[in-house]
Structure formats: structure tokens, C-alpha cells
Amino acid sequence: MAYTVPATSKTPALIIYLLDVSGSMGEEINGKPKIEIISDALHQVAVRMVQRSTKGTTVAPRYRVAMYAYSSQVTDLLGGIKTVSELAQMGVPRLQPMDATDTAAAFREAKRLLAAEIGNLQDSPAPLVCHMTDGEYNTGGDPEPIAKEIMQMEVPDGHVLVENIFVTDKALTQAISDPKTWGGVNDETPLASPYAETLLRMSSEIPPTYASVMREMGYQLSPGAKMFFPGNQPEIVELGFAMSGATPVTPLSP
Amino acid sequence: MTTIRVSQEEETRLSTEFTPFGTVMYLYARSTDSVSAGTIGQDYVTFRYDEANVAFAVCDGVGQSFMGDLAARILGDGLIDWLLDLRSKPADAGAFRTMVEGALADLTAVGRETVANYQLPDHLPPILKQALEMQRSYGSESMFVAGRLALRGDPPFLALAWLGDSPMAAIDFNGELVDLGPRGSTAARWNADTGVKGTVNTWVGAADAVARVAGYTDGMTIDSVPTDAVLSRLTTEWQSNPPADDASLVDIRLKPSPQTTGKDDPEHLVRIAEFVPDETRPIPLPGTLKQRTPTPEKPAPPEPDEQPEPASPAAPGQPVGEWRSLDESGEKVHKPPATADRAAARLEQIRAWQSAARERLIGARLALDQIERLLADNEDDQTST
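Keeping their order, the protein sequence lines are chains A and B.
When we follow this note's numbering, the leftmost residue of the first sequence carries the number 1, and every step to the right adds one.
When we follow this note's numbering, the leftmost residue of the second sequence carries the number 1, and every step to the right adds one.
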């Protein structure tokens with residue numbers, strides 16, 4: 001349970017993205033629509049995954065990626081799980097806002113996919129579900145019970161990791177001054193909204209191996225910090241997506 | 001002088017170069033990923049020799065650096081040039097380390113320029129290009145094991161250097177492992193822009209201290225000095241199932257001679273040759289690398305309750321506005337060059353294996369396995385034509 005299995009071609013890491021594309025994602029932050037910030041961050045994480053998978057011009061299939069956009073319904077953006085090599089060829093979709101927010105449906109889709117895949121992941125790193133949203137669900141019910149069930153699923157490397165990126169300025173009582181030196185959110189961090197607390201409970205603790213990779217990227221997340229990234233700064237969104245691709249790719253000690 | 005530069009574009013199965021001082025075995029196998037993608041390997045192997053001198057380099061280009069194969073080539077070619085320029089035995093390992101560090105610093109001039117001017121292939125997908133450009137600013141990196149043997153030096157000497165975790169091993173004429181000192185750290189490597197990261201390890205000794213020197217990359221996935229049986233098995237396995245990582249090796253086995261044994265007595269030489277049975281050269285030494293001087297490692301950098309309908313694929317009117325950076329072209333496939341005189345090359349290899357076995361530099365079994373494989377390849381060629 002140490003989250004030490006490296007992502008390799010023979011033991012690739014499975015990462016599932018759940019992306020809120022509800023109507024509110026069309027709202028702007030500092031003059032830029034949230035959905036564009038998300039699209040940019042998604043592109044950056046794809047580049048970073050490719051970068052961490054290259055051997056010369058070869059992209060080793062160290063990562064397998066599924067990407068779901070959700071509003072009132074869930075859409076499979078990639079048409080199934082794709083390797084990072086395939087993702088490099090396909091590119092990353094630019095998203096556009098739709099209507100309602102059925103978060104639970106997206107988590108159910110992730111759970112269905114994990115149930116189908118987990119038997120084949122026994123030698124691989126623990127899968128990671130990366131959820132990005134800008135607000136509370138308004139249809140489909142509470143996603144927390146399903147997220148908790150996902151967090152109980154496990155492979156020998158550890159339980160399935162769930163990460164939440166909350167694109168809002170109403171989650172923290174204190175604004176983040178510098179994402180690079182920010183220590184992250186833990187169970188003691190005061191939060192400003194009940195839904196932020198819900199998302200925190202739906203977030204796994206950052207494994208030390210992931211924290212080590214994040215340090216290499218220049219971030220200083222504290223021990224015990226959760227995979228919960230609230231904020232409306234593009235840098236926080238980028239930090240959150242960077243975390244989703246931080247599965248170790250070489251053997252590391254925890 | 002004869003120079004061997006092993007191609008990074010294809011597999012070089014276990015081969016041997018029979019020389020006046022002994023035999024040099026070498027191999028090169030690309031990783032599964034590189035074979036599948038039709039791209040070149042990140043390791044690089046080269047050596048150069050004459051009657052009494054050999055310099056070799058086995059380089060392990062670092063994945064996630066910018067085109068690790070590039071650093072591996074610059075390093076390998078640069079190192080053997082420099083090693084062959086050594087006029088006399090370095091005073092000791094410390095002095096040799098300083099010299100190697102100087103040579104590695106000098107190589108950054110060409111390394112920096114080569115990396116800066118390297119043109120990425122046009123057909124690469126934009127995301128991959130963007131990732132590689134980010135790596136370019138980081139630099140191209142490689143680890144290495146390298147050495148120089150000078151049998152006519154005054155005195156005859158062997159000087160070895162390594163940086164990174166690629167293993168190096170030496171065995172003396174009594175079959176004992178020579179303590180070369182610490183194995184390198186995973187974090188240590190040469191950056192084509194900034195030079196050495198970590199500690200260069202070196203060893204300097206008399207030429208008669210060793211009978212065999214082997215340097216190889218970690219893709220060989222062996223924990224002890226490779227035996228003939230292991231080399232034969234890996235060569236066979238990799239024909240159908242390439243290694244997970246690039247794997248390459250140089251294995252120099254020296255004939256007993258006054259320079260390599262320190263004895264002028266021919267009787268003595270005959271006695272050694274008769275005394276040592278085939279299977280003790282190489283000597284199986286399980287776990288031998290663990291006998292090296294210990295060194296502290298440097299820090300490296302269920303079932304679902306509900307079964308919802310599967311999500312629908314993206315379609316017009318759905319949340320996808322557009323797709324970025326589509327590029328449907330594949331990567332260039334490097335095919336082995338057609339060789340008109342393949343049969344002649346194989347005949348030469350058969351003779352080299354025979355000579356090496358006759359001199360008891362390798363086991364008869366290994367030689368027979370390789371000769372059978374070469375003959376089978378020739379038959380396959382004849383059948384296909």
C-alpha cells in the first residue's frame with residue numbers, strides 16, 4: 001500500500017478524468033472562461049505525461065487515460081481508454097460548456113470503468129480518478145457515497161486515489177498566495193463552504209511518492225495534504241492536473 | 001585501428017570481434033517500446049582497438065531527457081577518442097577521475113551545440129514536439145561505463161571509468177572478481193549542456209590484474225557478472241521478446257600473455273589455459289556485484305452497485321468544441337539496411353566465434369550456440385530467396 005509501483009509500459013498507470021462542463025464553466029476568471037483554463041491545464045498535463053514517457057521520440061505507453069466530460073449527461077471524450085502514446089497522436093479536446101451538473105453520474109461512470117479494469121491492474125500503480133468541477137451538483141444526487149466506494153477499491157499498490165480540483169474562490173478562508181510554496185489542504189484546514197468539505201472528504205491523501213514527484217516539479221505540498229486543490233487561479237488548476245500525472249515512473253522509495 | 005560503432009537502429013545479436021589481445025563480445029537490443037514504435041534505441045556501444053590497445057564505451061541514454069540517444073553517441077564517441085589519447089598509466093584512480101571529469105567537461109561544448117541544433121522530425125505529433133522542446137532546455141543525458149586497456153604501455157595498464165548505475169565488472173586470471181569500488185548512483189549522469197551530475201567512479205590498475213572486463217547497461221537485468229549461459233539465454237529470448245529496456249554490453253576477454261599475466265614463462269601460460277576449464281571462463285559469480293565496496297546511494301532526484309449505461313462517445317453538439325493538434329502521421333520506421341554481403345559477414349562471425357572458443361576465451365557451448373544461430377540465419381536467407 002505504498003504507491004511505489006512505477007508506471008511502465010508493462011505496468012501502466014490508469015488515470016480517469018471527470019471534467020465538469022456545466023454551463024457555469026463558461027464564466028470568466030480574470031477575463032478568461034474557466035473552460036479554457038481547464039482545456040489549457042488538460043493540455044499541459046498531457047504534455048507532461050508525454051514528457052515523462054519519452055525515450056527519444058518514442059512515447060512509452062506508461063499511462064492509460066480515460067476522459068469523461070459531464071453536465072446533465074456523461075460523455076466519453078476519448079472513446080475508451082487510450083494510452084499516452086495514442087493521446088499524443090490524438091491531442092487533447094477543447095471543451096465547451098453545456099448545461100446541468102450531474103457529478104454522481106460521472107463518478108458512477110468512473111466506478112464502472114474501474115470495476116471492469118481493476119482485475120488487470122494487479123501489477124500496476126493504483127489507479128487515479130481526477131475530478132474537476134467549479135460548483136455543487138444540481139442534479140443526480142450526492143456523489144460522495146460513490147466516491148467513497150471508489151476509494152475503497154484497491155490493487156496491491158494501494159487503494160484507488162481520488163483527486164478533486166475545485167475551481168472556485170469560495171472554498172478557502174485564506175487565498176493561496178503562491179501555489180509553488182503552498183502546503184496544500186489537510187483535514188485541519190478551515191474551509192469556507194460545505195461542498196468544499198464534501199470534496200475534501202472525497203479526496204485521498206497524497207502518497208509520499210507522488211509528493212516526491214511534485215517536489216521535482218517545484219511544488220512543496222506538506223505531508224498529510226489531500227488531493228484537493230481549491231482555487232480559481234490557473235496555477236492551482238495546473239497544479240491539480242500536474243498531480244494527476246505524478247505517478248512515479250522510476251522506482252522510488254516512499 | 002578498427003572502430004566498431006554498434007547501430008542504434010536495430011538489434012545486434014551477441015557478436016564477437018576476435019583481436020590480437022583476445023576477443024571483444026558485444027550486443028545491442030532495443031526495448032520493446034522502441035521495437036514496437038520503430039524508433040532507435042537510447043543505448044550506444046562503441047569500441048576501437050589495434051594489436052595492443054582497446055578503448056570502449058557503453059552508454060545508457062537517459063529517457064525523459066532530450067533525445068538520450070544523442071548524449072549517448074556524443075559521450076561514447078568522445079570518450080573512446082579521449083581514452084586512446086592517454087599516453088601513460090594514470091597515477092591512480094583519483095588522478096584518473098580528475099582527468100575524466102575534465103574530458104567530460106570538454107565534451108559539453110560539442111554536446112551543447114549538437115542539442116541546440118538538433119532538428120526534431122517534422123512528422124512528430126505537436127504534443128510530443130512540445131514535450132521534447134521542454135526537454136531540450138533540460139538537456140540530453142547519458143550514463144556510461146568506459147575503459148582503456150594498453151598492453152604496450154609502460155607499464156601495461158587498464159583504466160576504467162563509470163558514471164550512473166550501469167554495471168562494470170572485472171575478473172582476474174584466478175577467476176576472482178576484482179574490487180573496482182562503488183557501483184554508480186542512479187542519479188549520476190552526464191548532461192550534454194551542464195556536464196557531470198554526481199560522482200565519476202574510476203579504477204586504475206596493471207593490465208595483468210584482469211582477464212576479463214564487462215560493462216553493460218541496466219537493461220540487461222542481470223544482478224551478477226553475465227555468464228556464457230546467461231548471454232546465450234538472453235540472446236535467444238530477445239529474438240522473440242525484446243527486453244523491457246534497451247540492453248547493451250561489451251565483454252572483453254583477454255588472452256593470457258606476458259602483459260596480461262605479468263609472467264614471461266610460456267609454461268605458466270599453458271598451465272593456466274589447461275587448468276581453467278571452459279565453463280570457468282567466464283566464472284559464474286552469483287551476486288558478485290554485491291561484493292563491491294559499499295557506498296551510500298545518493299538521493300535521486302469490486303463490483304459496482306449500479307450498472308449505469310456506458311457513457312456515450314463524443315458527437316456533434318456534445319461538449320467537445322474542437323480537437324487540438326491532430327496529426328495522423330506515424331513515426332518513421334527505421335528498417336535494417338539490406339546487406340548484400342550478409343552471408344560473408346556471418347562467415348566472418350563464425351570464424352571469430354571459433355577462434356575465441358579455440359583460445360578458451362569463451363565456453364565451447366556459447367560458441368556453438370552462436371555458430372548454430374548464424375548458420376540458421378543463413379539457411380533462412382537462402383530459403384527466402
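I should point out that these hints are in silico values taken from the structure, not numbers from a laboratory.
Any given hint could be a false lead.
Below 25 Å or equal to it, Euclidean Cα-Cα: the simulated DMTMM-like pairs (lysine to aspartate or glutamate) are [stated by the list, open to error]: (1) Lys129(B) - Asp40(A); (2) Lys129(B) - Glu86(A); (3) Lys10(A) - Asp165(B); (4) Lys180(A) - Glu133(B); (5) Lys10(A) - Glu10(B); (6) Lys10(A) - Asp223(B); (7) Lys82(A) - Asp122(B).
Taking the hints in turn, this is what the structure says about them:
1. Of the pairs offered as hints, the one joining Lys129(B) and Asp40(A) holds, with about 17 Å between alpha carbons and a cut-off of 25 Å not exceeded.
2. Taking the CA atoms of Lys129(B) and Glu86(A), the gap is near 14 Å; set against the 25 Å cutoff, the hint holds.
3. For the proposed pair Lys10(A) and Asp165(B), the alpha carbon gap of about 22 Å is at most 25 Å, so the pair holds.
4. Pair hint Lys180(A) plus Glu133(B) holds up; C-alpha atoms about 23 Å apart against a cutoff of 25 Å.
5. Pair hint Lys10(A) plus Glu10(B) holds up; C-alpha atoms about 21 Å apart against a cutoff of 25 Å.
6. Annotation: proposed proximity of Lys10(A) to Asp223(B) holds, straight-line Cα distance about 21 Å (limit 25 Å).
7. Simply put, Lys82(A) and Asp122(B) have alpha-carbon atoms about 24 Å apart, close enough for the 25 Å limit, and the pair holds.
Checked against the numbered hints given earlier, the structure satisfies every one of them.
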